[in-house]
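One line per chain: the protein sequences are G and A, in this order.
Quick note: the first sequence uses the numbering used here, first residue 1, plus one each step.
Quick note: the second sequence uses the numbering used here, first residue 1, plus one each step.
No lab work stands behind these hints, which were simulated from the structure alone.
Please note that the accuracy of each hint is not assured.
To be verified - Computed cross-link-like contacts, DSS-like style, restricted to lysine-lysine with a CA-CA straight-line distance of at most 27 Å: (1) A/K147 x G/K374; (2) A/K382 x A/K443; (3) A/K622 x A/K209; (4) A/K152 x A/K210; (5) G/K374 x A/K379; (6) A/K16 x A/K118; (7) A/K118 x A/K77; (8) A/K382 x G/K374; (9) A/K152 x A/K118; (10) A/K357 x A/K382; (11) G/K374 x A/K362; (12) A/K118 x A/K179; (13) G/K312 x A/K443; (14) A/K179 x A/K205; (15) A/K133 x A/K147.
Stated by the list, open to error - Ranges between beta-carbon positions, derived for each pair: (16) A/E90 x G/L24: 23 to 33 Å; (17) A/M506 x G/M117: 19 to 29 Å; (18) A/K558 x G/M239: 46 to 56 Å; (19) A/G629 x G/I296: 24 to 34 Å; (20) G/L481 x A/I682: 51 to 61 Å.
The beta-carbon is built from N, C-alpha and C at its ideal position, and this holds for glycine as well.
Here is how the chains run, residue by residue.
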Amino acid sequence: MDPLTWTGSVGIVLNPIFFVVVGLFAVMLVIQFVLSFTAPPPSITVNPDGSAMSSGGTIDLVGRINSYLFLGLLGILATYMFSGIFTPYGTGGIIGEIGVRLLPVWIALIITFALSMAFKRKLGLYGKLFDSVVGMIGFAIVMFWVFVAIFVAFDLVITHDPLSQVSGMKNKVPGTPLRGAEDGEYAHYLLGGDNLARDVFSRVMQGSQIVLIIAPAATLFAFMVGIVLGLPAGFYGGMFDTVLSFIANLVLAFPVILLFFLLVTPEIRAAGIDFGFYMWRVPTILASILFIFPLIFLVLLWNSRYFTQPSKNMLFIGLTVVIGGYLYLALAWDADPFGLISIDQNVLIVFVAVVFVNSPTVFRIVRGLVLDIKTRDYVAAGQTRGEGAWYIMLWEILPNARGPLIVDFCLRIGYTTILLGTLGFFGLGLESESPDWGTTINAGRRLLGIYPHPAIAPALSLMTLVLGLNLLADGLREESLKD
Amino acid sequence: MADTDTYDGPILEIDKLSISFFTRLREIPAVMDFSCTVRPGEAMGLVGESGCGKSTVALGVMQDLGVNGRIVGGSIKFKGRDLSQMSQEELRDIRGSEIAMIYQEPMASLNPAMRIGKQLMEVPMIHFGTSEKEAYERALEVVTDVKLPDPKRILNSFPHQLSGGQQQRIVIAMALMSKPSLLILDEPTTALDVTVEAAVVELVKDLGKKYGTSMLFISHNLGLVLETCDRICVMYSGETVETGRISDVFDKMQHPYTQALFRSIPLPGADKNSRPLVAIPGNFPLPHERPNGCNFGPRCDYFEAGRCDQGVIPMADVARGDRHETRCLRYAEIDWGAPIDVGKQTEKPEPGDVVLKMDNLKKYYEVAASALFGGANKKVVKANETLSFEARESETLAIVGESGCGKSTFAKVLMGLETATDGKILLHNSEIQDVPIESRDTKTIANVQMVFQNPFDTLNPSMTVGRQIIRALEIFGVGETENDRENRMLELLDLVKLPREFAGRMPRQLSGGQKQRVGIARAFAGDAKIVVADEPVSALDVSVQAAVTDLLMEIQRKNKTTLLFISHDLSIVRYLSDRVMVMYLGHVVELGSTDQVFQPPYHPYTEALLSAVPIADTSIEKEHIVLEGDIPSAMNPPSGCPFQTRCRWKDQVPGGLCEKEVPAVRHMADGHQVKCHLSDDIFAKMTPVIKIAAE
Numbered sequence: 001m002d003p004l005t006w007t008g009s010v011g012i013v014l015n016p017i018f019f020v021v022v023g024l025f026a027v028m029l030v031i032q033f034v035l036s037f038t039a040p041p042p043s044i045t046v047n048p049d050g051s052a053m054s055s056g057g058t059i060d061l062v063g064r065i066n067s068y069l070f071l072g073l074l075g076i077l078a079t080y081m082f083s084g085i086f087t088p089y090g091t092g093g094i095i096g097e098i099g100v101r102l103l104p105v106w107i108a109l110i111i112t113f114a115l116s117m118a119f120k121r122k123l124g125l126y127g128k129l130f131d132s133v134v135g136m137i138g139f140a141i142v143m144f145w146v147f148v149a150i151f152v153a154f155d156l157v158i159t160h161d162p163l164s165q166v167s168g169m170k171n172k173v174p175g176t177p178l179r180g181a182e183d184g185e186y187a188h189y190l191l192g193g194d195n196l197a198r199d200v201f202s203r204v205m206q207g208s209q210i211v212l213i214i215a216p217a218a219t220l221f222a223f224m225v226g227i228v229l230g231l232p233a234g235f236y237g238g239m240f241d242t243v244l245s246f247i248a249n250l251v252l253a254f255p256v257i258l259l260f261f262l263l264v265t266p267e268i269r270a271a272g273i274d275f276g277f278y279m280w281r282v283p284t285i286l287a288s289i290l291f292i293f294p295l296i297f298l299v300l301l302w303n304s305r306y307f308t309q310p311s312k313n314m315l316f317i318g319l320t321v322v323i324g325g326y327l328y329l330a331l332a333w334d335a336d337p338f339g340l341i342s343i344d345q346n347v348l349i350v351f352v353a354v355v356f357v358n359s360p361t362v363f364r365i366v367r368g369l370v371l372d373i374k375t376r377d378y379v380a381a382g383q384t385r386g387e388g389a390w391y392i393m394l395w396e397i398l399p400n401a402r403g404p405l406i407v408d409f410c411l412r413i414g415y416t417t418i419l420l421g422t423l424g425f426f427g428l429g430l431e432s433e434s435p436d437w438g439t440t441i442n443a444g445r446r447l448l449g450i451y452p453h454p455a456i457a458p459a460l461s462l463m464t465l466v467l468g469l470n471l472l473a474d475g476l477r478e479e480s481l482k483d
Numbered sequence: 001m002a003d004t005d006t007y008d009g010p011i012l013e014i015d016k017l018s019i020s021f022f023t024r025l026r027e028i029p030a031v032m033d034f035s036c037t038v039r040p041g042e043a044m045g046l047v048g049e050s051g052c053g054k055s056t057v058a059l060g061v062m063q064d065l066g067v068n069g070r071i072v073g074g075s076i077k078f079k080g081r082d083l084s085q086m087s088q089e090e091l092r093d094i095r096g097s098e099i100a101m102i103y104q105e106p107m108a109s110l111n112p113a114m115r116i117g118k119q120l121m122e123v124p125m126i127h128f129g130t131s132e133k134e135a136y137e138r139a140l141e142v143v144t145d146v147k148l149p150d151p152k153r154i155l156n157s158f159p160h161q162l163s164g165g166q167q168q169r170i171v172i173a174m175a176l177m178s179k180p181s182l183l184i185l186d187e188p189t190t191a192l193d194v195t196v197e198a199a200v201v202e203l204v205k206d207l208g209k210k211y212g213t214s215m216l217f218i219s220h221n222l223g224l225v226l227e228t229c230d231r232i233c234v235m236y237s238g239e240t241v242e243t244g245r246i247s248d249v250f251d252k253m254q255h256p257y258t259q260a261l262f263r264s265i266p267l268p269g270a271d272k273n274s275r276p277l278v279a280i281p282g283n284f285p286l287p288h289e290r291p292n293g294c295n296f297g298p299r300c301d302y303f304e305a306g307r308c309d310q311g312v313i314p315m316a317d318v319a320r321g322d323r324h325e326t327r328c329l330r331y332a333e334i335d336w337g338a339p340i341d342v343g344k345q346t347e348k349p350e351p352g353d354v355v356l357k358m359d360n361l362k363k364y365y366e367v368a369a370s371a372l373f374g375g376a377n378k379k380v381v382k383a384n385e386t387l388s389f390e391a392r393e394s395e396t397l398a399i400v401g402e403s404g405c406g407k408s409t410f411a412k413v414l415m416g417l418e419t420a421t422d423g424k425i426l427l428h429n430s431e432i433q434d435v436p437i438e439s440r441d442t443k444t445i446a447n448v449q450m451v452f453q454n455p456f457d458t459l460n461p462s463m464t465v466g467r468q469i470i471r472a473l474e475i476f477g478v479g480e481t482e483n484d485r486e487n488r489m490l491e492l493l494d495l496v497k498l499p500r501e502f503a504g505r506m507p508r509q510l511s512g513g514q515k516q517r518v519g520i521a522r523a524f525a526g527d528a529k530i531v532v533a534d535e536p537v538s539a540l541d542v543s544v545q546a547a548v549t550d551l552l553m554e555i556q557r558k559n560k561t562t563l564l565f566i567s568h569d570l571s572i573v574r575y576l577s578d579r580v581m582v583m584y585l586g587h588v589v590e591l592g593s594t595d596q597v598f599q600p601p602y603h604p605y606t607e608a609l610l611s612a613v614p615i616a617d618t619s620i621e622k623e624h625i626v627l628e629g630d631i632p633s634a635m636n637p638p639s640g641c642p643f644q645t646r647c648r649w650k651d652q653v654p655g656g657l658c659e660k661e662v663p664a665v666r667h668m669a670d671g672h673q674v675k676c677h678l679s680d681d682i683f684a685k686m687t688p689v690i691k692i693a694a695e
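With the rest of the complex left out, here is chain G (with noise of 0.2 Å):
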């Protein structure tokens, strides 16, 4: 087996028209920018039917080739990328290769676009975001990865196990052929290997699972904190809210690192509480107060609103209990009376500490948003219709500051996976084979000099999922500023 290059024969015919694109787009780019310094504003006028013409002269010419540059750029881009699924294998190079590996990827990225665009009227604000090309941009890149976690999960994308090592390819740079590769076995490392000899390529994509499984369940988390404590510090201001928003100032005022070294050191982990009987150690301290703000929310959620009917009321957090305590019990305490359910101490141990550093901030927020929609005339049709507090709280003014709220659990999301690669590279938490892509960046920090490769491929991938959540979050916050 030969070496695959980046590009491989199609980029033989497609590299130079590539390289012309890229040049005139940038040749253009820095026309248009001068020009609209000292080109008049373009005049607008109006048609007899009614719509309206803008006609500017050179600089809406120079502003169309650009476009029509920039697209033929995504074309190029495009066929690097899909050439390789109706090419032999090998053509297509390491990215046409890519390409094909992520087949399904596309495929599940297509059925949603056009399921969400054919029914946006009907979807709310998730609807309204197909308005909006940057919402649409960053909705697809979250999408991509979170497709990726789930098809890595059918053994679909990844080509090698990701902790596998193969002989002989040690550091082994993009598109190196498998020495001997047998039958079945995928022939090339696409990314190249690391210095353990495992494929980078595999890594990556099954690094992102750990990614979004932990970052959005830690960001939910910290949400059900903040929310529980911050709806009650601003509904009722006073003694509560001036302890509460002490608190949170003293948690945000600590350096996060440090707070991290601290809580994931081996030392405070084994510290704790001793009963004699039982160790109450500093995770499963942390863990059991955090967890439990969901299941308190859940249960003031439904009897705020169902206490006049008693059964329904029953059935709802009777319900909630029961699931909510026995995941309550196997996730926090590691006590699951069955045996089935439980959770790896390192990834608990990340996890609580993203919850507990994430979820002050949300507490402002929502204080914040409460105190401003208090004020508002339902609430006081609420209170004048003798309405119980944390029904106003959770049904009135809860829904209505969920604009805000949305955008910044985008935010966090990226934000917190920012946060886990922080972990990862410092080391804390996870275990070091761990492919999460803040291990894997640290890991090959050490050769960066030499073989950059198995540090890129995970740092493109972190920023590019965090780039994608800040877009949908301008996306939604453009568009929920709309109505």
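For this one, chain G is given, so just place chain A on it according to the hints.
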């Protein structure tokens, strides 16, 4: 600018102006075929409901339509020069110097980080390059002109140090700094209290005369336009429907919309039982769903199918009258003098037993001077002082007063959101003044309910209409099963005359009037016996106001509800209330039946309020009483009588008694009480403020 100084034609000529806004979905025509001419020294009133395009016209004149607004036809000539042909520099030169604009919200028009004086001086310094000293002199002169006390101090202060009325005066002063030829006022007094509004309107009128400025006065209030303008332009759904001299349009109207508008506002003579208001049926058409032909057609009493719904209807000149035009095909055929179809008359219900009794109710708030180190000097805000009254079954008691008079505090105490400091509230003979809402039983809560002011705020935006009503039913324990409540909810929608499909709608899909109806349905969910209506119609358009008011009256008659109607609009109060209570700074200054309060003898404050309310009727003569200054702060009320700082009768009371003692309540006639030191013979000499001129 030399050529414009000698110009003596019309100041503003708008000819067949059409303005559209372009959105991604469609073009939305905001103004269509709008023409008007403003001559030097003339004041033109632009009247219409919200969304009719009146503010768009003003923005068109300023050439400030934003990125997606565009003039798609016609021309706007200012002193003979077409504004749309001017360059940005020329426009900048004209804006603020030749055309000045005054907006609704004074605080938003002033830079909060700049001293008043500096902001005023900027105008001549930028436009005419005057020296700083001259500009200061000019600023001082103008601030004196707008009748602000102590001009030097004002020039040296920041906007937030002034009250709303003072801020609006400064905005007017700023507009006058450059002696503009045209002044555009976009709802300049809507954010102000009635008595302050009256003073500002008076000021604008005087200044218009003094400086000879032409004015374009945009308002939804016909009464205000009557008081300020020479000519009027009535707009409906993007078009002018009628224009002419005030006297022509008010008394000899030639368009069905103008007529319907006048019939839907409570003028003196309208009465809820014998001559109810006539609401305009239907809804205002959305800009992209306008009907063919006449825009008003679907709501018009004189509609003729096959004629009014065809083609474009042009403005027609009405033969008599000075430049009086109407956009109606049938104006010559309609008998404009025909008497109003009185509608269904109802018997005045006899008030029943006393259901609510307030006895010397007091509510004080303690405000710590500093939140962090409180305790040392606490200030007391006396929101309610010795409030006593009774309300009977199926009676409407109006509570009248301006902002800060304590009417909302009173409502809070009654609802149980606050507990009283002192005194008693008796509801069906049980004392509830110390019972906060959490400890009240469901029956009491369901019995006392509230309708809120702002229709856009009264419903939870993320819950369906039906769900919100059902929630109230759940809380009040109405109905056994989900089905029962569902049915009751639909009945309630019937009660407030909304279609049953609305149950599944979200509040944002409803118009302001419809939301207010849902609010009423929710309040009556538990068959409320006492309903506090806090300015329920003041945020609605005139034509919708009548319908909502009538709905409230109808439900009241059916349920024998006691209605506590909080309002500052005396026209509507006279129309619907049986008794009136006038409040000022937490005190009840006058209480009596509607007739007693609206006839002399008055409390001096009632007198001023009556004079301040603009009435859209040319046959009414009003005595002009302008109150000096602003309402004192409740943190630091004046000594003695609360009203003494602004009272014009103060010198009639010997010995400065007004400044020393709070007057005692005096019982004038049966059930009529006034809190004033004036002697009986002075009361006897008072003349009515509002007189209907003999015809």
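Worksheet item: Which numbered hints does this structure break?
Response: Per hint list: 1, 2, 6, 7, 16 and 19 violated.
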